[in-house]
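Novice: Please build the complete structure, drawing on both the sequences and the hints.
Going line by line, the protein sequences match chains H and D. Reminder that position 78 of the first sequence reads as 78 in the numbering used here, one-by-one numbering, no gaps. Reminder that position 175 of the second sequence reads as 175 in the numbering used here, one-by-one numbering, no gaps.
Be a bit skeptical, because a hint or two may be false.
The list that follows gives simulated cross-link-like pairs (lysine-lysine, DSS-like), each with its CA atoms no further than 25 Å apart [said to hold, decoys possible]:
# : chain 1 : residue 1 : chain 2 : residue 2
1 : H       : K112      : H       : K183
2 : H       : K62       : H       : K158
3 : D       : K47       : H       : K158
4 : D       : K47       : H       : K183
5 : D       : K235      : H       : K158
6 : H       : K170      : D       : K24
7 : D       : K16       : D       : K47
8 : H       : K4        : H       : K27
Worth flagging that the hints you see were computed from the coordinates, not collected in a lab.
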Amino acid sequence: MSKKEKFEAEALVHVDSLYRTALRMTKNENDADDLVQETLMKAYRFWDKFEEGSNCRAWLFKIMTNIFINNYRAKSRAPQVVDLQDVDDDFLFGQLSALGPSDNPEQHFFAKVFDDDVKGAIEELPEDFRLVVVLSFLEGFSYQEIADIAGLQIGTVKSRLHRGRKLLQKALWDYAVKNGFIKEAAK
Amino acid sequence: MTCEEALRRLYDVIDKEASEIDVKEVQEHLAHCENCMARYEFEAMFKTFVHDKASTTAKADDLRNRILNRIDDADEKPSGFFRRPFRYQAVILAAAAALVLCVVAAFSVAGYYRYHTFIEPFEQSHMAGVHEYHANPVPEPGGNPCDPEVLAFIRSSIPVSVNDSIPGYVMVGSCLDNIQNNRFAHLTFAHGQSMVSLFVGNSDNVSLPGFEQVTVDGSDYYRYTCENCQIMYWKEGSMIMIAVSEDKTLPLPEVRTVFSAI
Numbered sequence: 001m002s003k004k005e006k007f008e009a010e011a012l013v014h015v016d017s018l019y020r021t022a023l024r025m026t027k028n029e030n031d032a033d034d035l036v037q038e039t040l041m042k043a044y045r046f047w048d049k050f051e052e053g054s055n056c057r058a059w060l061f062k063i064m065t066n067i068f069i070n071n072y073r074a075k076s077r078a079p080q081v082v083d084l085q086d087v088d089d090d091f092l093f094g095q096l097s098a099l100g101p102s103d104n105p106e107q108h109f110f111a112k113v114f115d116d117d118v119k120g121a122i123e124e125l126p127e128d129f130r131l132v133v134v135l136s137f138l139e140g141f142s143y144q145e146i147a148d149i150a151g152l153q154i155g156t157v158k159s160r161l162h163r164g165r166k167l168l169q170k171a172l173w174d175y176a177v178k179n180g181f182i183k184e185a186a187k
Numbered sequence: 001m002t003c004e005e006a007l008r009r010l011y012d013v014i015d016k017e018a019s020e021i022d023v024k025e026v027q028e029h030l031a032h033c034e035n036c037m038a039r040y041e042f043e044a045m046f047k048t049f050v051h052d053k054a055s056t057t058a059k060a061d062d063l064r065n066r067i068l069n070r071i072d073d074a075d076e077k078p079s080g081f082f083r084r085p086f087r088y089q090a091v092i093l094a095a096a097a098a099l100v101l102c103v104v105a106a107f108s109v110a111g112y113y114r115y116h117t118f119i120e121p122f123e124q125s126h127m128a129g130v131h132e133y134h135a136n137p138v139p140e141p142g143g144n145p146c147d148p149e150v151l152a153f154i155r156s157s158i159p160v161s162v163n164d165s166i167p168g169y170v171m172v173g174s175c176l177d178n179i180q181n182n183r184f185a186h187l188t189f190a191h192g193q194s195m196v197s198l199f200v201g202n203s204d205n206v207s208l209p210g211f212e213q214v215t216v217d218g219s220d221y222y223r224y225t226c227e228n229c230q231i232m233y234w235k236e237g238s239m240i241m242i243a244v245s246e247d248k249t250l251p252l253p254e255v256r257t258v259f260s261a262i
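Specialist: Set out below in structure tokens:
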């Protein structure tokens, strides 16, 4: 098998998955397209550095994350302050439960919210949280894999994922209320 | 297990990161705690919901094909060296490592030592340029003009201009090399099927023992012929010029005319 054939079989099969994450991270198709191309060309150039039998998908995501952080992330690097003081861990669950058991509000909520709304809510997350949420929720990487890919401590991965999840639930709830899918429970 | 303990493990269990024992204990608790059960079910549903809604993306088939085309291009022309001077780092490092090994191993064998220590790094650098050129020929005539960084390096030492054309020679590449702890401008010329490398650097720390002195057209040159190459050097002020070619019949002093006083 030639180098190209091997690369095609092991690395290029992940192009859809890379593109999906690139799209959520860059928020536009042109940048996502460039980011994935740059990632795979770099991977091809360093293909002899890839250890056969190790996790190729995680290796590709690590390359892509590095390129994204160096070249694409928002220019201003002021610390990302997120105020979650008023938001409980069970915020969304609590809100939906308060609507009453009879109308099955969870099902209603999950059925009403569209694909684009979820994608939009993910893209609204601050970058640090967005990265771990995308790697975990969309790509199914483990905490350890995310730590390796993003160059973070495993504890940082857990706390960012926890806060990212909360932010996402809050955003989707606000969205559902705003669009009248759900009537906010009486205070 | 209390509800508090069960909820503390919530995301570890949902994300499949909890230990088997934790999972088992949580399951035992959930079996008789409706509230926690409802919360666990909700969070699991939320995770699946986000995944299903956000992982649908248009197929990237077209992107895949474009990458394949770029790979074909990259394979056809490895390119770059003549425009990117530092692509040779690996070769130079390898040469440096070989040099260290050879110094230790062959210290007593003077000629061997001399060749590997003083000659080979130039020969290797020259041959690396030759291979790169054959893999990626520059269209003639015209060649590649001298890289501005290389030109600036030469000019910072001697006030000369570099002629892009010497009769019979075409400049095809230029870069900066590190040999014998010295920085050299490395210019590469094609002469028909033959190639000549010209290294230009400060002569202070350069040691090239074992050369034979020859006089051509009234100027002094020092010449060394090794198994696969010939090397000639000469000095201009504080600068040393070292010409290397694998073609032993080539009159190396010809490349001297690449420089003309400003």
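Novice: For the pair supplied as a hint, K62(H) and K158(H), confirm whether the alpha-carbon distance does not exceed 25 Å.
Specialist: holds, 18 Å
Novice: Do the alpha carbons of K235(D) and K158(H) lie within 25 Å of each other, as the hint requires?
Specialist: Violated, at about 65 Å.
Novice: Between K112(H) and K183(H), does the CA-CA distance stay at or below 25 Å?
Specialist: holds, 13 Å
Novice: Assess, step by step, whether the Cα of K47(D) is no farther than 25 Å from the Cα of K158(H), and give holds or violated.
Specialist: Holds: K47(D) and K158(H) sit about 15 Å apart, inside 25 Å.
Novice: For the pair supplied as a hint, K47(D) and K183(H), is the alpha-carbon distance within the 25 Å limit?
Specialist: It holds: about 23 Å lies between the C-alpha atoms, which stays within 25 Å.
Novice: Does K47(D) lie within 25 Å of K16(D) when you go C-alpha to C-alpha?
Specialist: holds, 12 Å
Novice: Quickly compare the C-alpha distance for K4(H) and K27(H) to 25 Å and report which way the hint goes.
Specialist: violated, 30 Å
Novice: With the threshold set at 25 Å, check whether the alpha-carbon distance from K170(H) to K24(D) stays at or below it.
Specialist: Violated. K170(H) to K24(D) sits at ~31 Å, over the 25 Å cutoff.
The structure fails to meet hints 5, 6, 8 from the earlier list, while all remaining hints are met.
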